[in-house]
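Asks: Mind assembling these two chains? They're in different frames, but the hints should get you there.
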Amino acid sequence: MSDESRAQGGLRTDPPPKVVVTKIGLDGHDRGSRVIAASLRDAGMEVVYTPPWQDIAAVIKLAIEEDADVIGVSSLASDHLLVPKLMAGLRKAGAGDVQVVVGGIVPPGDEKQLLDAGVARVFHPGTSLQVIAQAIRELSARARSLRTGVPS
Amino acid sequence: MNQPFQEIPSQEDSEQAAHRWRGAFEATPAAARRVVNRSGIEVQPLYTPQDWSGTAYASELGYPGEFPYTRGIYASMHRGRSWTQRQLIGLGAPEDYNARLKEMLAHGATAISLIPCNSVFRGCDADQVDLELLGTCGTVINTVEDMERALAGVPLDRISCALNDPSPFTLLAMVLAVARRRGIAWTKIAGTSNQSDCISHYVANHMFFRLALGGARRLLIDHIAYANEFLPAWNPLSVVGQHMQQAGASPAEAMAFTLSSALQYAEDCRARGMDPDAFLPRFTFFFDVSISFFEEIAKFRAGRRIWARLCRERVGARDPKSWRLKFHAQTSGVDLTRQQPLNNIARVTVQAIAGIFGGLQSLHTDAYDEAFSVPSADAARIAVASQNILREEAHLTDVIDPLGGSYYVEALTGEMERRIEDLMAAIDAAGGMYAAVEKGIVQRRIGESALAFQKRVESGEQTVVGVNAYRIEESPEQYRALEYPDRARIEAQLGRLAAFKARRSAAAVERALGDLGRAAQGRGNLFALVVDAVEAGATHGEICARLRRELGLGQPLTVV
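Protein chains in written order, with this note's numbering: chain G, 145 to 296; chain L, 2 to 561.
In short, the hints are calculated from the structure, not lab data. Some clues are possibly wrong.
[Said to hold, decoys possible] In silico lysine-lysine, DSSO-like type, Cα no more than 30 Å apart, as pairs:
#, chain 1, residue 1, chain 2, residue 2
1, L, Lys103, L, Lys327
2, L, Lys456, G, Lys162
3, L, Lys440, G, Lys162
4, L, Lys440, L, Lys456
5, L, Lys189, L, Lys327
6, G, Lys162, G, Lys236
[Unchecked claim] So these bits of chain L aren't anywhere near chain G, every CB distance computed over 10 Å:
#, residue
7, Tyr75
8, Ile90
9, Glu104
10, Phe231
11, Gly249
12, Thr350
13, Val410
14, Leu495
15, Gly518
16, Gln522
[What the hints assert, rightly or not] Output of the computed footprint for chain G on chain L, the stretches with three or more beta carbons under 8 Å from beta carbons of chain G:
#, region
17, 120-126
18, 133-141
19, 360-374
20, 446-453
21, 463-476
22, 549-559
Quick reminder that beta carbons are idealized off the backbone N, C-alpha and C, glycines included.
Isolated chain L, as found in the complex (with noise of 0.2 Å):
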């Protein structure tokens, strides 16, 4: 062979340059000083040829929009399409939240979403909680005619609205209604179901209606079975791991549990007779990206891998856009400061980084003053301009998986991989994620991660500046915190409520919710007469009640 100057080195070579640099490092003050990531793994000061020789290339990492999908789930990425910007807003009366949507609708948006009062999550009518808590965080929604104010002018059938929307999906349910009144087909109407995962509502995030698991775990498959039949813009199901991240789980851990949430959804499904061809494709993922920036990226990059051979080999889906795994990411709140709090707007940016370069769909950036507040317009603009600048101005997105074939990337997604799968091994082994949580193993080894974490920032093992190290005396009152809700709107907002029950037709909703009732006795599809309760005049508060009474009473899984 011919190798005139020797430049390329010789196997043996390497590996003798390897030992010297080994030899280098190890007397350095820095070979004492041990990294563990979030997840748990140990990470070395160097990664080299030896760690990941690229032989395996075609199969670990393949094409972009190619099995099994490590450098992302479409052939040109963000080269081409850029990542949807679709920001969180909920607040107050329905027409607070219109005139804040048309505000950003003026602004370009074509994604909306739409975050209801913390009382329509517990399944409650505005007339059944504390007055001071309503719509201090989300719009109070509670009928269609609440919808109709909250959507007017919003041409419903250009735009693409993720509801925040618990089981039994009554917002849904007013959507469309809204667009029957409107003339709109419901073929036209897109967007997300974000909240259905309701597995992660049990363990993590507690934002349910208090329906018995088991029949969440019906509701959801018939939502599902619904979307597929009548809605075939609508992702009907959004399997969370932000809320089990931010409840605690390692990134490795919150990657495991919400593929496992997954596989069984897909089962469920499977086990009613869909197929997986037809339901796989509109499964969307919401994740946490923390600031644990190699660590997120990696664990992307193999929750694609691992989804795309589940998907294929055991689910047995055999359409490509079966495989793929599209997620929305939102930055951690969790790694927010209440200390220092413009400091936050670094944080973001490096956790949005890291979400870009893992191959997200869509974000959410959070608002610099999420640590003492629901955000105010001022913080929620400048995070809106953070994404802007990092996909116009930073030149992110000209490279499709730019990190792909860094030595450390593709060890750490390959041990980030082993890691998950083990975990998920773990929950086939307890008989599937809904048999793992009724044993309170996932809730127990979230806690344990929550302190473990707390405890590495008490000791300063894990820096947080402004917290534990870098501080400064300063006032918390010159940032300003967004204002509750005028309680005059609040008030007009109950009356409305209750001129629309004095004015709906009682016997229609009696009837409704009779049929609603005696399908939870039987087998028919709850989210139909869920849809049909709406459209007769029921209220959230009253369809949620009516469910739990048939399906029974359910708590928060808790395992302190």
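If we strip away everything but chain G, and leave its shape as in the complex, we get (with noise of 0.2 Å):
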């Protein structure tokens, strides 16, 4: 862990946030994902990193049972257009306090409808892995406080 996550992190006691990061759909391009997922690793979070090409299905069940706070889902062609059926999937698993957040290109008349289907973050190229660690940091703790009932 580092330094500034231990001191952001403050409670010694709470795990690490648990991010699932993966890839939808069709296309394999996987730099994004494995750059975040080792960054954030670094970052002294828990990641669980799938390969590409994963099932909408088996990303809720991966989620579900490693008790992941966020899923970071990486585009880089179209696949971010089944981002919306991740998050109904989700809703209806009763999963639906998992954070979810988008990262690659995404059209700018895309961010909205992901947004609008519950999604809480859409990264573009060229944000800072810290800002997108802190976020994750902070939607972690939104994701404990809406599964505890305590507010964060």
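Replies: The following block contains the structure:
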């Protein structure tokens, strides 16, 4: 765990944020998901990384089994269009507390559609790894407070 | 000796002068800054005859079109024939692609490309995937009839076609079937199987159809053998460094892994009893060209030299045509930014010049909007115009290998060469490229380099204008992204697929797929049976499914 995350995490008893980093759909370009997974791990988080091409149902199952706080979906070539289906699936599975972020090539017009579907954040190319890590820490806290009913 | 004015300094004077300059340089603040390129080579502030003296000119450089091809693979290079301008296109339904293609042909294009929908890359027909993804990135083509519509009115015997056709090469099989229907001899079918390098798919961009790697290895060699026999104008192999560099490999790593892959394929061909002088002239390469200008130029010059020596000395080719590293280059999308996207036009220009000075044979320039969308028509037009400006306005092509003989470029070419050869030696020591990727060696290296580069951007050591420096407030909504294909057309495409399946002879399809399955268990040429299956009416998805069933399921070989 980095000094920074120790300082920001504050509570030593809190387990670190748990994040599933994945790619759904058809595209296989995974530089983004690999870099994010490695850097979140370096920032002291628990990262469950999947190779590309995941089915939505498999990602939901994984997030529930792993008790993940956040799902990060990386998309280069239009696969972000499937994220509304992921959101609906999570709610249906009773896992609506899990926070979902999307990173990658998301055309300007599509961002609103994703946010309307319940996606917490959309990260575009050029976003710093620190900004992403900080957002995920906050979203992890939100997911935990939704789950336990205790305000974060 | 007659030296009236002492204009030419003696060796001693030159060393004294170098010493004097070094002292002056080290007294400046610039001396504190260490510069390391993307491949990890420390770059000196100045290069002199002490770094490259030119005494080994004949063996290290030679002349263009001559071994070891450092200065280019053809005698006249761009002074004679310009590079081929080959932009990637592919979207929507086959008729959308056809309309775009005809527009390009009307503007004088003689070389075309075809990118299929991601569903095709993944071995699926349109009816097997989520509707919203169809045609958003590449054209939906599943059957010979789809290919007929995509190529309607296109003179197949007079154009060169780069098919982004991953294993099992059904798109080529469809083109051959269309040619047969039109009475065009297969000997006239010219172009390249652009995505046939299976290793790059398993380790870098994962655009393959879930076939086990061993099966893909066999299919590739079957495909090369088939092209050698029946398709004299077709290049069955493009070895793709671009995938690995875009996935994070440094320029030296990308060149090393690509040449190691090519060597592995050459050895596989030789093990099948093929003559190196029959297959090597039709090996082509596809590289990324980043904005690290001199490093990229040195990468290409070093790569040519290494490949020429390998083909001659290790693979045993005797025909000079077998020694040439022929390559297509694409400007690096990873260098482009979503922020201030018009700045990308400047980036692409620098990248393209590096590729041109690096001696490329064919070029794709990225559109400026690729960091937020599949390219829009306006952005694609500017990318093409940029090539025209570089080729016809800027006088870049007047002199062959214009940077040859630069102390820096020659010294850097030598250093890149050593670094690439060291990496290739490590792959050899691991047992070749297939063994190295199965052990995760290549993927680990690519992952480490990707993360290291990102950290250089984060720390500000590597400036990215608009991202970590010179930022401005802007609204991305002011830029128009490409519109997704019309849903009605995609639904019509699904209807046509269903009608095609209902109309064809189910018995003929089953027979062809049965033959393919039996051949997979035996030793026959699988690509020949893919050609037969397409002709019999089998779809891309059906062919992929049968091969997967017989040859095993494969997953991306990722390491994080």
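Asks: Of the hints stated earlier, which fail here?
Replies: Those not satisfied come down to hint 11.
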